[in-house]
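*Asks:* Below, each chain spelled out in residue letters.
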Amino acid sequence: MLKYILKKLLIMLFTLWIIITLTFVLMVSVPGSPFNSESSSNEIVQQNLEKHYNLDKPMHIQYLLYLKSVVTFDFGPSIKQPNQTVNDLLGRGFPISAELGIVTIIVALISGITLGILAALRHNRIIDYAAMAIAVLGISIPNFILATLLIQQLSVNWGIFPVATWKSWSHMVLPVLALATGPMAIIARLTRSTMLEVLTQDYIKMARAKGLAPWKIIVKHALRNALMPVVTIMGTLFVGIMTGSFVIEQIFAIPGMGKYFVESINHRDFPVIMGTTVFYSSFLIIMLFLVDIAYGILDPRIKVNNKEGD
Amino acid sequence: MKKLLYLLLAGCIVFFLAACTASEDAGEDTGTENEVEAEEGETDSTESESATDGKVLRINNGTEPTSLDPSIGFDAVSWDPLNNLMEGLTRLDTEHQAGPGAAESWDVSEDGLTYTFHLREDANWSNGDPVVAADFEHAWKYMLDPETASPAAFLAYFIEGAEAYNSGEGSVDDVKVTAVDEKTLEVVLEAPTGFFLDLLTNPAFFPINHKVAEENPDWHAEANTFVGNGPFKLDSWNHDEEMVLVKNEHYWDADAVKLDQVHIAMINDSNTQYQMFEAGELDTASIPAELSDQLIDGDNVFIGPYGGLEFFRFNIEMEPFQNKKIRQAFSHAINRDDIAEFVVKNGVEPAYGFINPGYTSPTGEDFREANGDLVSFDPEKAKQLLEEGMAEEGYDELPPITLTYNTSDTNKAVAEAIHGMFKEHLDVEVKLENLEWNVFAEAQQALELQFSRSSFINDYNDPVNFLESFVTDSYMNRTGFSSPEYDELISKGKTEVDEEKRWEYLYEAEKMLADEMIATPLRYYNTVVLEAEGVEGILRHPVGYFDLKYADKN
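Heads up: the protein sequence lines correspond to chains A and B, in order. Residue 1 is where the first sequence starts when you use this note's numbering, and the numbers rise one by one after that. Residue 1 is where the second sequence starts when you use this note's numbering, and the numbers rise one by one after that.
So that you can see chain B by itself, here it is in the shape it has in the complex (with noise of 0.2 Å):
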C-alpha cells in the first residue's frame, strides 16, 4: 500500500509539470494571435526591470480608454492619455490657465469673433510630419460631422456654422474654421466667447493629422498607427491590459520632458491596484474607500480640487416642490459640513454654493470666494420656510417624497444621512430609492424623480459650463426650471465680451439658481492620490485631465 502512496504522489507531480508545460503552450497559443504585441509586451516587462530604460513612471488608467480618436474619446478614462499623447492649440499651464500649446501666439479680433491662431513652425507629429493648420481644421469639422456621433461636438458649438452642421441641417463648407496659410488657422465664432481658449485645451479640441486619417480612418485604434503631437508617444498597447507610452522626441519642447516612459495599467479594482501600489508595482494609486481613514493623512497622499459638484435636483414640477420655500427648507436642513466629514470622507469639501473654487476671475478673485456662501444649513428657518411653504400651498400634510439615487456604497451613505437631516430638522420622512445608473438616468431624464442624486464634472475651465445646464430645456436641465430672467443671463454670461461684466452675470445667475433653489449642492469633487517616493510634478489639473509633461521620477 505504502508503494501505491509513493506512485501516486510521483503521478501527482508528473502531472503537475504537465500541467505547467500545458499552460506555457497555452500561452504561446494566444501570443501567436498577437504575435507582435505579445513580443513587445514581453521586452517591455524585462526592459523596465533592467535601469537601462531611464526614468519609468508606472501609473493605473483604471480601465481601456473609451477611444484614442480625440472627437469619440469624451471621458476621463480617454482624456488621460490623450492629454500626454497629444496636444491642442493651447495646453493648461502650471497655472491651470490656457496657455500656448500647438499654436505659439493668437489674435483676437476686436469684436471677439474671429481668432487667428499661429502655429509654431516646430510644432511636429510623431512620425515627423509638421502640425498644420489644416490638421485642426480636419479634426474639428470631422468631429461636426452627424455621421461620427461625436459625443462631445456640441462643445463646438461656439463656432459658427457648428451646431447648423452637426443636426444635419448645414453643410460642412459653413463651418467657420479655415486653414489660411500650413500655420495660420482663423477661427470665426458665433458669438463672443471669452473662455474660448480654456475650451480649446480640452482634447476634442485635439489636432488629427489629417494625411494619416485620409489613409487610414482607423490610426487611432493601434499604437503602430497611431500618431500624436504630444509631450509622449504611443510605443505600444495591449488592449485592456497596458498602454506603453515614450518620450517623444519630435514634440516641439522634448527638453521639458523629464521622464523616458510612462506604463499605464489598466486596473479596475481599487483594491488590487492599491495593493500594487504597496508592492511597488505603482507609483500612484488611489485611496480604497475603506482605507481612507488609515490613509489620507499619510505624508504620500495628494489632495487637490477637482472641477465638480454633487448635488441634488428637484423636480419643480412635481409636488410638494412647485413651492420654492419648501425647496428652500430642505436645502437649509442639508448638514453639508457633516455630510463631507463624516460621510464621504477622503478629504472633500463641502459645497455652499454651485461653483467650485478654482476659477479666477478678470480682477484676480476666486469666484467662490467673490460670489460667498449661497446656501446654509439652518434648521430653524428651515422649520420656518416649511411652515410658510406648505401653508402657502394649503397642505395640512406634506405629499410623500421620495429621494432617489443610482447605486453605490457612497450615494447610499449620502442619502441616508439626508435622510436623517429631514427627519430630525424638519420632521420629514422622505423614501429612499435607489436605481442602477441607466434606469435612473434616464427616468430623471424624463423628470420622473422627486429629488435626486447629481453630479456634475466640468468640460471646460469657466463657470458657465455648469451655470448653463439650467437654462430652459437643456438636456442637462432635469429640473423643469424655466426662466427667461435666468436664460438671458447666462446668454450674457456667455457672449459679453468686457470679462468684468460676463462675470457680473454670471455671479447674478449663480446668485439667481440659489435663490430658487432648483438644486441644492451638497459637496465638491476632490483629487486624491497616494504618490510613491521620488515622484513630482504631475499636473493634476482641476478640470479635466492630469499633464505628465512636467512628471519626474527620482
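Excised from the complex, chain A in its bound form (with noise of 0.2 Å):
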C-alpha cells in the first residue's frame, strides 16, 4: 500500500510538471499582454510594466521563474488587481467556491440517492417515471438557465430569497439549487439503473428469505453494491462543479475561484494562470486519487495492489 501511494505521489508530481510546462508553453505562445487596454498609453509606460512584472526578461529565465514560483508556491502578485498575491484570491476564493461546492454536492447525492433508490422501489411505477423526469429535466436544463429561472421566480417575483451575492445561507440556496440539479440527476439515474440490477441477484433473495426487515437489505446489503459506480464518478464530478461553477458563480456574483481561473485568460494575467492552474489541477489529481483510494475500502474485491501492474 505504502509504496503504490509512493508511486502515485511520484506519477502525480511528473504530472503536474507537464501541466506547467504547457500551460507556460501555451500562454507564451499566445499573442497580447496584460496590459492591453482601452485607455490611452505610451511606449515610456508599456516598459515600465514589462519591467516590473519581469515581462522583459528572457524565455528561459522567465520559465524558472514560474518553476521557482511553483516549488515555493508564492506567485507574487496578480498583473491584473496588482494589490493582490496569487495567494490572496486563492486563499479568498477557494474557500468560497469549495464551500458551494460541498453543499452542491451533498444535496445533489442526498437527493439524487434518495431519487434514485425511490425510483428502482417502484420500478415502472408512479413515483419511478416522476424521479425519471425530474432526472431527465434535471440532465437537459443547463445549469445558468435554470439559475435565471430561480432568481426570477423566486427572487424578483415572490421575493423569497436575495438575488445574487453572497452574505448568509439564504444567499447559498438558489446558486446550490441551480448547480445541484445536474449532478443530482445524474446520481439519480446511476443509483436506480444499479438497484434495479442489484436487487435482482441471489444474495438479496437469500436476505429476503432469511427474513431480514426490508429496510436492513436496501441499507446493508442492496446499497452498497449500487453505489460503486456512484462513487466512481464523485471525483469528476466534484471536481466538475468546483470548476465548473464559473457560470453560476458569475450569475450570482459569488467571490469563489471560477472567475479567476476565465478571466485570468482572457486578461493575460500570467501569473494568476499559473496559480490556478497549478492549484487546480493539484485538486483534481489529488481527488483522483482518493476516488483509487476509496474504492478499495468500498469493495474489498478491489485492492489497491492489483493496480500496480497499470
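It cannot be assumed that every hint is accurate.
Here are a few chain B residues that face chain A, going by a calculated C-beta distance under 8 Å [stated by the list, open to error]:
1. Asp-53
2. Gly-54
3. Pro-151
4. Ala-221
5. Thr-272
6. Gln-275
7. Glu-278
8. Glu-281
9. Thr-284
10. Ser-455
11. Ile-457
12. Asp-459
If you want the ones that stay clear, here's a sample from chain B, every Cβ over 10 Å from chain A, calculated [as the list claims (entries may be wrong)]:
13. Glu-121
14. Asn-124
15. Asp-174
16. Ala-223
17. Ala-254
18. Gln-294
19. Leu-295
20. Pro-350
21. Gly-364
22. Ala-370
23. Pro-399
24. Thr-472
25. Lys-492
26. Thr-495
Pairs of lysine to aspartate or glutamate, EDC-like flavour, derived with a Cα cap of 16 Å [what the hints assert, rightly or not]:
27. B:Lys-492 / B:Asp-111
28. A:Lys-51 / B:Asp-145
29. B:Lys-324 / B:Glu-392
30. A:Lys-51 / B:Glu-147
31. B:Lys-183 / B:Asp-107
32. B:Lys-324 / B:Glu-388
Treat the hints as calculated values from the structure; they're not laboratory data. Just so you know, even glycine gets a beta-carbon here, dropped at the ideal spot from N, CA and C.
Make one complex out of these two single chains by using the hints.
*Replies:* Here's what the structure looks like:
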C-alpha cells in the first residue's frame, strides 16, 4: 500500500510538471499582453510595466521564475489586481468555491440517491416515472438557465430569496439548487439502474428469504453495491462542480475562484493563470487519487495493490 | 414496504438538516480566516436593513477596482470609487468644469508655465491629518517613478522633468513639483497647457498621505488602512464582493454631502444586476442589451453623454488604403444614423466628427457645433471617389479587404451592418474577421490589420486628448499616419497660451484628420443608467467618473 502511494505521488508530481510546462508554453505563445487596455498609454509606460512584472526577461529566465514560484507556492501579485497576490486570491476564492461545491455535492448526493432508490423500489410506477422525469429535466436544463429562472421566480417575483451575492445561508439556496440539479439527476439515474440490477441478485433474495427487515436489506446489502458507480464518478463530478461553477458564480456574483480561472486568461494575467492552473490540477489529481483509495475501502474485491501493474 | 418508504423519507429529512448545519459550519470556517471582515460584513447587512443607518445608496461597480492606489488604478472601475474617496487639487463641478477641490485657489504665471496652488486650511485626511502640499509632491513623484510602473504616468508628462524621470533617464529631483510650504504647491510645466486644471481632476493626480504611505506602502489595499481626503471614507471592503463607503466627517465640504452610506457591489453579470435592481437590492443599474428596446424610454432612465468615440482605423500602409480617395469613399458609404438607431441602440448618437459634444470653447461654443459635421453619408460621392481612387492607383479590381473587430455581440452587429453598407453602396464585399481582445490589440498595434474597429475613452476634458493620438509614432496612432503638418498643429494645440488660438489649431487638426480620412468616426459613447425612485443628484461627468458628493436618496 505504502509503495503504491509513493509511486502514485511521484507520478502525480511528474504530471504536474508537465502541466506547468505546457501551460507556460501555451501562455507565452498566445499573442497579447496583460497591458493591452482600451485606455491610452505610451511606450515608456509599457516598458516600465513589462519590467515591473519581469516580462522583459528572456523566456528561459521567465520559465525558471515560474518554476520557482510553483515550488515555493508564491506566485507573486496578480497583474490585473496588483494589490492582491495570487495566494490572496486563491485563499479568498477557494474556500467560497469549496463551500458552494461541498454543499452542492451533499445536496446532490442525498437527493440523487434518495430519488434513485425510490425509483428502483417503485419500478415502473408513478414514483419511478416522476423521479426519472425530474432526472431527465435536471440533465437537460443547463444550470445557467435554471439559475436565471430561479432568480426571476423566487427572487424578483416572489421575493423569497435574495437575487445574488454571498452573505448568508439564504444567499446560498439558489446557487446550490441551480448547481446541484444536474449532478443530482446523474446520480439518481445511476443509483436507479444499479439498484435495479442489484435487487435481482441472488444474495438479496437470500437475505429476503432469511426474513431480514426490508430497510436492512436495502441499506446494508443492496445500497453498498449499488453505490459503486456513484463513487466512481464522484471524483470527476466534484472537480467538475468546483471548476464548472464559474457561470453560476458569475450569475450569482459569488466571489469564488471560477472567475479568476477564466478571466485571468482573457487578461493574460500570467501569475494568476499559473496559480489557478497549478492549484486546480493538483486538486484534480488528488481527488482522483482519493477516489482510487475509496474504491478499496468500499469494495474489498478491488485491491489497490493489484493496480500496480497498471 | 411502506414502512421503508417512510424511513427513507425521514432519513432524507435528517440528511437535509445535516446538510444545512454542515453549510453553516462551512460558512463559519471561511469566516475565521478573515474574521474582522466577515463580522463587519454581517453587521453591515443587518444594520442597513434597519432604518437607523440614514441614507444608504446601493450601486454596482461591476468588478473589483483594479487598485485604489491612485497611481495604479487607471480605469473606470477604480476611478469611480476613488473619485468619491479622494479629491485632487481640482474637482469637476456640477457644470463638468474643473473647480476648486483640495486647492482653494491658484495663481498661474504669465507665461502659463508656473502654477501655484493654495491648499485649503480645512482640507483633511480621513484619519484627521491635514492635507499638505507634500502629499501631492509625494504622490506625483511616486506615480512618475519608473519602479512604480504606473499606467497613468504619461498624463503627468506635461510637468517639467516628468518624462525624463519616468523613462529612467532623469532624476526625481528634476521633476518640478515642489511643496513650498505646508499649504502651497508649485508646479512648473514643460510648456503652457491650457487644460492642466482639467487634467488634475483625474484620479492619477490625487494626493497620497505621505506619512501613511511611508509607514505602510500597501495602505491602499484594505479598508482599515485606507486613508482618503474625499467626501466619503472607506468603511469596509470585502474584496470581489462589496465596498461600503460612509460619509467622511473630516471632509472640508462635509455639509454638502447628503448620503450617509454608499454600498458598492461588484456584480459582473448584466442580467443579475438588473434583476437586483428590479428586486430593490440596487438603486442604480445598467440596461442589459436584450432589454434595451423595452426599457430605454422609461421615466427612470438617465441618458447622458460620455466622452468617447467608436471609430474604424484605416491602415494607410496596406493596400488599398494608401489612397486617400478610397479611404474617403469607404467613409462616405457608412450610414451612421442607421447604425446608431438600429444596431447599437441604447440612445447613442451617431458621430459626424471625432470629438464628442461637450467641450466648451473659450468663446462659449461647443467644439462639435463650432467645427460642424466633418464626415457624411453620401453613396453617390462614395462611388465616385472609389472610381477616382482606383483609377489613381491603376486598380481594375480592388484588393481584398478585411474588416477586423474584437469579439463582442455589439461589435459583430456593427461590423455586419457596415459590411452590408459597403456591399450596397460601393459593391465591395469585405471579409469580416473577429479576434479576441488581446490578440486584436496586439495585431492593431503592429499595423497588421487593414481596417479595424477602435474606441477611445477620454482621460481628461480637452479635445487634444483624442487628437494627439494621431501624431507621428504615437503609441495610440495605429494607422501608419505621419504628417509634420498635423504634428505641428497638435503641438500648438497643446502649448498655445492664447486659448482662443489654441482652439483654432484644434479645429484645424480635426478637419485635417477628417480630410485625410485616417480613421472614420462611427458613434459617440453615452451613459445609460436606470435610477430607482428618489435617487437624485448623482453627477455623471461626460469625461471620467461619477461623483456622489451631491447625491441624495429620498
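*Asks:* Indicate, hint by hint, whether the structure satisfies it.
*Replies:* Here's how the hints hold up against the structure:
1. Asp-53: violated (16 Å)
2. Gly-54: It is violated, given that the least Cβ distance between Gly-54 (chain B) and chain A is near 21 Å, above 8 Å.
3. Pro-151: Holds, about 6 Å.
4. Ala-221: holds (4 Å)
5. Thr-272: holds (5 Å)
6. Gln-275: At about 5 Å, which falls below the 8 Å cut-off, the nearest Cβ of chain A leaves the hint on Gln-275 (chain B) intact, so it holds.
7. Glu-278: Hint on Glu-278 (chain B): holds, closest Cβ of chain A at ~5 Å, below 8 Å.
8. Glu-281: holds (6 Å)
9. Thr-284: violated (15 Å)
10. Ser-455: This hint holds: Ser-455 (chain B) lies near chain A, its Cβ roughly 6 Å from the closest one there, short of 8 Å.
11. Ile-457: With Cβ-Cβ at 6 Å, under 8 Å, it holds.
12. Asp-459: holds (6 Å)
13. Glu-121: For Glu-121 (chain B), whose nearest Cβ neighbour in chain A is about 33 Å away, the distance exceeds 10 Å, so it holds.
14. Asn-124: holds (25 Å)
15. Asp-174: holds (16 Å)
16. Ala-223: Holds, since 12 Å exceeds 10 Å.
17. Ala-254: holds (28 Å)
18. Gln-294: holds (15 Å)
19. Leu-295: holds (15 Å)
20. Pro-350: Check passes; 21 Å lies beyond 10 Å.
21. Gly-364: At about 28 Å from chain A, Gly-364 (chain B) clears the 10 Å cut-off, so the statement holds.
22. Ala-370: holds (24 Å)
23. Pro-399: holds (25 Å)
24. Thr-472: Nearest chain A Cβ is 13 Å from Thr-472 (chain B), so the label holds.
25. Lys-492: Lys-492 (chain B) is indeed farther than 10 Å from all Cβ atoms of chain A, at 20 Å.
26. Thr-495: Correct as stated: the minimum Cβ-Cβ distance to chain A is 18 Å, above 10 Å.
27. B:Lys-492 / B:Asp-111: Measuring from Cα to Cα gives roughly 15 Å; hence the hint holds.
28. A:Lys-51 / B:Asp-145: holds (13 Å)
29. B:Lys-324 / B:Glu-392: Status holds; Cα separation ~10 Å.
30. A:Lys-51 / B:Glu-147: holds (8 Å)
31. B:Lys-183 / B:Asp-107: Measuring from Cα to Cα gives roughly 14 Å; hence the hint holds.
32. B:Lys-324 / B:Glu-388: holds (10 Å)
Hint violations for this structure: numbers 1, 2 and 9, all remaining hints satisfied.
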